[in-house]
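Going line by line, the protein sequences match chains A and B. Numbering follows our numbering, in which position 163 of the first sequence is assigned residue number 163; successive positions increment by one, without gaps. Numbering follows our numbering, in which position 4 of the second sequence is assigned residue number 4; successive positions increment by one, without gaps.
Mixed in with the good hints there might be a few duds.
As the list claims (entries may be wrong) - Calculated cross-link-like contacts (lysine-lysine; reagent style DSS-like; alpha-carbon spacing at most 30 Å):
1) A:K120 x A:K134
2) A:K202 x B:K40
3) A:K278 x B:K121
4) A:K202 x B:K51
5) B:K69 x A:K202
6) A:K216 x B:K24
7) A:K202 x B:K24
8) B:K142 x A:K202
9) A:K202 x A:K310
10) B:K121 x A:K310
11) B:K76 x B:K114
12) B:K114 x A:K310
13) A:K202 x B:K123
14) A:K216 x B:K76
15) B:K40 x A:K216
16) B:K121 x B:K51
17) A:K202 x B:K114
18) B:K40 x A:K220
Honestly, the hints are just simulated from the structure, not real lab data.
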Amino acid sequence: MRTDQAGQNLVEQALKESEARYKRLLQSVNERTEELILRNEELRRSEERYHRMISQVQDYAIILLSTSGVIENWNKGAEKINGYKAAEVVGKNFRIFYTPEDQERHLPEQLFLEAIHNGKAEYEGWRVRKDGSKFWGNIVLTTLHDERNNVIGYSKVTRDLTERKVAQDVLTEKNRELEKINQELSAFAYVSSHDLQEPLRKIQTFATRILELESKFSEKGRDYFNRIQIAAYRMQCLIEDLLIYSRATSVDRNPTPTDVNHLLQDVIGELSETILEKHARLEYSRFPQLNVIPFQFRQLMLNLISNALKFAKKELASHIIIKADTASVDMIQRDGKNARKSYHHISISDNGIGFESTHNARIFEIFQRLHGKNEYEGTGIGLAICKKIVDNHDGIITAEGKVNEGAIFHIYLPT
Amino acid sequence: MAPLPPVQHIALADDDEDDCVLFKDALDELLISPQVSWAKNGDDLMQNLSKNNRPLPDIIFLDVNMPIKNGIECLKEIRGDERLKHLPVIIFSTSTQQWAVDRTYELRANLFIKKPDTFQKLKDIIQRILSTDWRSFSQVAKEDFLVH
């Protein structure tokens with residue numbers, strides 16, 4: 001019995017242990033199950049959240065396509081942008097969103113090929129809604145792969161950019177119109193100033209003829225005739241300057257590397273009479289090679305040097321200094337997309353009558369004059385031509401004046 | 001070569017009557033009185049030149065902008081015509097637009113004159129042209145072609 005007792009004890013012991021193990025196992029299984037249920041729930045929620053997120057997105061049509069292009073799901077955005085309800089399109093081929101022309105040229109298939117090749121394809125174009133109306137869609141087609149890198153489908157994200165596209169089109173159209181108007185305007189300025197020369201020439205010639213042929217003029221009559229001729233001469237200057245201005249407006253040539261030294265010599269030669277007359281002293285150094293439109297650069301120098309000569313002081317011999325060096329972009333405080341790193345800097349300074357520094361910017365506006373016609377002749381176009389020319393070279397022109405001390409003009413041209 | 005015979009016959013093609021009056025006045029003041037056949041457009045000029053019974057002018061003054069047939073078309077026809085191609089042709093125009101200068105140089109006009117803005121200059125240029133012996137003419141260099 002003792003043995004039996006002992007055996008029984010052993011069995012009981014084993015049973016107990018087994019039971020405990022079982023309990024522990026059960027507990028562990030329960031725990032694990034609970035955990036799994038929890039995890040599953042989380043996963044389900046996460047998936048649902050994710051699904052909801054996709055399905056509730058309104059601004060983007062996000063759809064899933066099978067490898068053959070069949071629509072597998074549909075979100076709010078897709079409904080809003082394309083106009084179909086999920087039930088109407090799931091199971092159909094995504095080609096239906098394309099215009100007949102795009103379908104005909106196999107655009108959907110091309111996008112698929114591109115997506116397979118590059119991982120994704122992007123495209124912008126007109127797309128068709130359910131009601132047949134069109135919208136401007138921006139589309140990104142992305143290839144989806146499984147773990148083994150097999151293509152399992154595509155995601156297609158579409159944005160409706162119709163508003164932007166329409167605004168852009170309007171802008172482009174407006175720009176084109178503006179360009180056309182500008183062209184017409186400069187053609188008009190050119191033609192009108194050109195054609196005005198002819199009657200003016202007649203007035204000048206016939207006035208001269210009368211003065212030459214008719215001797216019996218009263219003092220007054222002769223004076224009036226002289227005034228006619230002076231006015232006609234002023235008009236001639238205006239027309240010529242307007243012609244130069246309109247020619248400077250329509251540039252069809254690009255700046256090319258040019259040795260400008262001979263252009264400068266040329267200009268000084270042209271002005272030699274005035275230089276002598278004004279006892280002017282010109283100081284200038286050798287210019288580096290510059291990127292310019294030669295005939296325009298010549299005009300620029302001509303206008304600025306003759307300006308310096310014109311506004312010389314009556315009692316003081318004119319001294320004009322022309323210098324060329326370089327300047328960096330921060331020196332001229334220019335920013336924006338047109339800014340370059342370094343610039344050629346040309347300065348033309350004089351010791352003439354100068355001008356109020358408050359006019360530094362205004363003097364470049366067309367028809368701006370700071371003096372009466374009888375004090376200093378001029379059309380008010382010369383510096384506007386300079387500005388135009390420098391603009392054509394993507395450069396900057398500035399002026400600093402000091403009353404009774406002189407003026408300095410700075411030109412900055414991209415190197 | 002024989003001495004330059006005086007110019008006896010000028011053809012002037014210009015639709016601008018004022019300019020024609022000035023042209024004739026200038027000739028009068030220069031005390032030369034050649035015959036001037038005035039054509040009021042290019043078509044007129046070519047008609048005049050094509051008449052076989054009419055003597056050809058010694059020199060042609062040709063405006064560029066004219067109605068019906070412009071100066072450039074006339075010049076082209078003149079230079080393409082065996083009977084006419086040796087005639088000196090002086091372009092006489094208010095406009096000195098580059099394309100017109102280029103085209104007339106190409107078509108072998110003798111000179112391109114910008115119509116002067118004073119009567120004195122007009123006389124000077126007419127005198128200069130009429131005293132030039134165009135018979136020995138070979139076209140001037142491009143930079144000397146346009147006379148302001």
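Against the structure, the hints come out as follows:
no., hint, verdict
1, A:K120 x A:K134, "holds, 24 Å"
2, A:K202 x B:K40, "holds, 18 Å"
3, A:K278 x B:K121, "holds, 28 Å"
4, A:K202 x B:K51, "violated, 33 Å"
5, B:K69 x A:K202, "holds, 24 Å"
6, A:K216 x B:K24, "holds, 24 Å"
7, A:K202 x B:K24, "holds, 15 Å"
8, B:K142 x A:K202, "holds, 29 Å"
9, A:K202 x A:K310, "holds, 29 Å"
10, B:K121 x A:K310, "holds, 27 Å"
11, B:K76 x B:K114, "holds, 20 Å"
12, B:K114 x A:K310, "holds, 28 Å"
13, A:K202 x B:K123, "holds, 15 Å"
14, A:K216 x B:K76, "violated, 49 Å"
15, B:K40 x A:K216, "violated, 35 Å"
16, B:K121 x B:K51, "violated, 34 Å"
17, A:K202 x B:K114, "holds, 14 Å"
18, B:K40 x A:K220, "violated, 39 Å"
The structure fails hints 4, 14, 15, 16, 18 (numbered hints given earlier, in ascending order).
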